[in-house]
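From first to last, the protein sequence lines are chains A and B. Per my numbering, the first sequence runs over residues 465 to 806. Per my numbering, the second sequence runs over residues 465 to 806.
Rather than coming from a laboratory, the hints here were simulated on the basis of the structure. Just so you know, even glycine gets a beta-carbon here, dropped at the ideal spot from N, CA and C. It is possible that some hints are incorrect.
What the hints assert, rightly or not - Stretch by stretch, here's where chain B covers chain A in the computed footprint (C-beta under 8 Å, at least three residues):
id	stretch
1	580-591
2	681-689
Claimed, not checked - Sample of chain B residues facing chain A (criterion: CB under 7 Å; computed from the structure):
id	residue
3	Thr-506
4	Ala-598
5	Arg-620
6	Leu-759
7	Leu-763
Protein chains: 2
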Amino acid sequence: MAEDRPEAGGLRPDEDGLIARYFAPLAGPGADGLRDDAATLTPSPGCDLVLTADAIVAGVHYFPDDPPASIARKALGVNVSDLAAKGASPRGYLLTLALPDDWSEDWLAGFAAGLGAGLAAFGGALLGGDTVRAAGPALIGVTAIGEVPRGAMVRRLGARIGDRLCVSGTIGDAALGLHLRKAPPAAWAEALDASDRAALIDRYWHPRPRIALAPVLRAHARAAMDVSDGLAGDLAKMLKGGPDEQGLSADVDLAALPLSEAAARALAAAPEVLPTIVTGGDDYEILCAVAPERLDALLAEAEAVGVPLTCIGTVTAGQGVSVFRQASGRPLSIGTGSFSHF
Amino acid sequence: MAEDRPEAGGLRPDEDGLIARYFAPLAGPGADGLRDDAATLTPSPGCDLVLTADAIVAGVHYFPDDPPASIARKALGVNVSDLAAKGASPRGYLLTLALPDDWSEDWLAGFAAGLGAGLAAFGGALLGGDTVRAAGPALIGVTAIGEVPRGAMVRRLGARIGDRLCVSGTIGDAALGLHLRKAPPAAWAEALDASDRAALIDRYWHPRPRIALAPVLRAHARAAMDVSDGLAGDLAKMLKGGPDEQGLSADVDLAALPLSEAAARALAAAPEVLPTIVTGGDDYEILCAVAPERLDALLAEAEAVGVPLTCIGTVTAGQGVSVFRQASGRPLSIGTGSFSHF
Numbered sequence: 465m466a467e468d469r470p471e472a473g474g475l476r477p478d479e480d481g482l483i484a485r486y487f488a489p490l491a492g493p494g495a496d497g498l499r500d501d502a503a504t505l506t507p508s509p510g511c512d513l514v515l516t517a518d519a520i521v522a523g524v525h526y527f528p529d530d531p532p533a534s535i536a537r538k539a540l541g542v543n544v545s546d547l548a549a550k551g552a553s554p555r556g557y558l559l560t561l562a563l564p565d566d567w568s569e570d571w572l573a574g575f576a577a578g579l580g581a582g583l584a585a586f587g588g589a590l591l592g593g594d595t596v597r598a599a600g601p602a603l604i605g606v607t608a609i610g611e612v613p614r615g616a617m618v619r620r621l622g623a624r625i626g627d628r629l630c631v632s633g634t635i636g637d638a639a640l641g642l643h644l645r646k647a648p649p650a651a652w653a654e655a656l657d658a659s660d661r662a663a664l665i666d667r668y669w670h671p672r673p674r675i676a677l678a679p680v681l682r683a684h685a686r687a688a689m690d691v692s693d694g695l696a697g698d699l700a701k702m703l704k705g706g707p708d709e710q711g712l713s714a715d716v717d718l719a720a721l722p723l724s725e726a727a728a729r730a731l732a733a734a735p736e737v738l739p740t741i742v743t744g745g746d747d748y749e750i751l752c753a754v755a756p757e758r759l760d761a762l763l764a765e766a767e768a769v770g771v772p773l774t775c776i777g778t779v780t781a782g783q784g785v786s787v788f789r790q791a792s793g794r795p796l797s798i799g800t801g802s803f804s805h806f
Numbered sequence: 465m466a467e468d469r470p471e472a473g474g475l476r477p478d479e480d481g482l483i484a485r486y487f488a489p490l491a492g493p494g495a496d497g498l499r500d501d502a503a504t505l506t507p508s509p510g511c512d513l514v515l516t517a518d519a520i521v522a523g524v525h526y527f528p529d530d531p532p533a534s535i536a537r538k539a540l541g542v543n544v545s546d547l548a549a550k551g552a553s554p555r556g557y558l559l560t561l562a563l564p565d566d567w568s569e570d571w572l573a574g575f576a577a578g579l580g581a582g583l584a585a586f587g588g589a590l591l592g593g594d595t596v597r598a599a600g601p602a603l604i605g606v607t608a609i610g611e612v613p614r615g616a617m618v619r620r621l622g623a624r625i626g627d628r629l630c631v632s633g634t635i636g637d638a639a640l641g642l643h644l645r646k647a648p649p650a651a652w653a654e655a656l657d658a659s660d661r662a663a664l665i666d667r668y669w670h671p672r673p674r675i676a677l678a679p680v681l682r683a684h685a686r687a688a689m690d691v692s693d694g695l696a697g698d699l700a701k702m703l704k705g706g707p708d709e710q711g712l713s714a715d716v717d718l719a720a721l722p723l724s725e726a727a728a729r730a731l732a733a734a735p736e737v738l739p740t741i742v743t744g745g746d747d748y749e750i751l752c753a754v755a756p757e758r759l760d761a762l763l764a765e766a767e768a769v770g771v772p773l774t775c776i777g778t779v780t781a782g783q784g785v786s787v788f789r790q791a792s793g794r795p796l797s798i799g800t801g802s803f804s805h806f
């Protein structure tokens, strides 16, 4: 209890040594090489901060034997995805790393490399954090700090009846990738070639937060969130309790759902994966609601910044589960429709 | 793996229900009742943000059977203590809560009550966070966001030869409290009456971050940090690598060390507790270095804001372990002198 002093002369560095070796090289300005107990950040003039925190846990949000660089990048990416959905640009991160007893230098070196790659890809600087030992699974908690012009954060709630619903990129890849990552993999894996399987697992490992879409969302979206717990469940969250507590539902055209080539081939080979595509997690795409008169501008500006955006349905009056309409016109049964990491 | 959907109709709420019940009532403005994936914070004009993150883990930083309200308040307090040492005022917090399998509603209700009490005592609002299940000990990670006038954050490094060293409050109480909390408690516990024992354990449970001292430190301190890992170890950190990489050490007069009445009685009964007082953790007092010509002003202004501040020694030239001088003039041997929670 509270007296687990690191052994002098041990093979593994103590906390300060570990921070100096692996994390200090990643520290941004204001963090003073992580040699202080806090960092400073000077806000940009006229901006609000946008703050979010998400943790990932071994065995819950990732496989313990996933590549450590991918784990680090995912921990950053899931937070950056939240910032992007709110219209914010990343400024910095604080990292809480709980290491299990069997952590190794190799693992940590890979983790730090992935963290560096994530910082380079997403922008923003490492500002601080804490490293603790925990006699349990590894936990990586990230607090991400972004900025938006004052008052411009895009809210999750606020969609109105008649708004069009759009999603970025393709949906369902990561959920299929998760099933391919399992041992044994899903039976339909055999219908896919190696490159399709790799593409889907890559989506599970490597969220691609839609940072470029942030200013477009600020300009046009009435409501937005990132799709992290499955499209169906997250759509339900977005429609729950609008500004005037109106009852909202949605009519989604499944034929319009953007699928990657790999996911389309999986669906053709095994139609039973459709609910996984619609309710599975880890997409880290953007779901947004836009007034009909703004739809064209939204789509055009998304295209201009290089992010595919697809209109998949419409916000309707009503309460309860949204309708996911199949080509036949019959709604897909998706049960509770929500995925929970908790 | 990643499909632990909460049981519908179960006795315990899912993550959203849990947040709505226990944490949403504590959410500050900008957090929209924790119904969004991020919160906004409008920085005060002319201010920098000060950011810090510290996690506490069951069985490492606290006893699993400590009162849940105390655990929550401690998780906040250890972070606020860092802000105070940097001269910052608390603005907000993000909470990452990893719950073990055996969490209970009673525990969580107590935890939320303590969190609310901490917010009320320390200032700043709950802005968001994440709740995850982890098959290990509970972990409470907090990111605290404070503000200082632009450029005014007080650094850990920067002390100069001849600077006077001061500490706030009393030192060693929490470390003694930890030993009283153990089963069986330390042998010297018998020399203390029940109220002394309770006072020391209270210091272990309830950090009292020195928020009132923040503006005084900004005005007068050359360097400051909070004492969380023991006075000796933290002093060594403060003197490591000054701005011009000069070698720094310190001469500390143990007779000047501020002790509570309870700690003084423990020391009188059991002189062998002195190293525990000097090297034990969890004080959450402020250690600062001040230019000699500023000492009087620092002490007077600390007194004016109601925080006891005591001069305990002087920064000296040299490198290596500081000297903790006993009344006899002989230095106390304190070994490596540093306490690590890692």
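Okay, the hints, checked on the actual structure:
Residues of the stretch 580-591 of chain A lying with their CB closer than 8 Å to a CB of chain B number 1, which falls below the three-residue condition for coverage. Remark: the stretch 681-689 of chain A is not confirmed as covered by chain B, as 1 of its residues place a Cβ nearer than 8 Å to a Cβ of that chain, below the required three. For Thr-506 of chain B, the suggested interface contact is upheld, since its CB lies about 5 Å from the closest CB of chain A, less than 7 Å. Evaluation of the Ala-598 of chain B hint against chain A yields a held restraint, the C-beta minimum of about 5 Å falling below 7 Å.
Evaluation of the Arg-620 of chain B hint against chain A yields a held restraint, the C-beta minimum of about 5 Å falling below 7 Å. Among the interface hints, the one on Leu-759 of chain B is violated; its C-beta lies about 23 Å from the nearest C-beta in chain A, farther than the 7 Å criterion. Using the Cβ-Cβ criterion of 7 Å, the hint placing Leu-763 of chain B at the interface with chain A is not satisfied: the shortest such distance is roughly 23 Å.
The structure is inconsistent with the numbered hints 1, 2, 6 and 7, although it conforms to all the rest.
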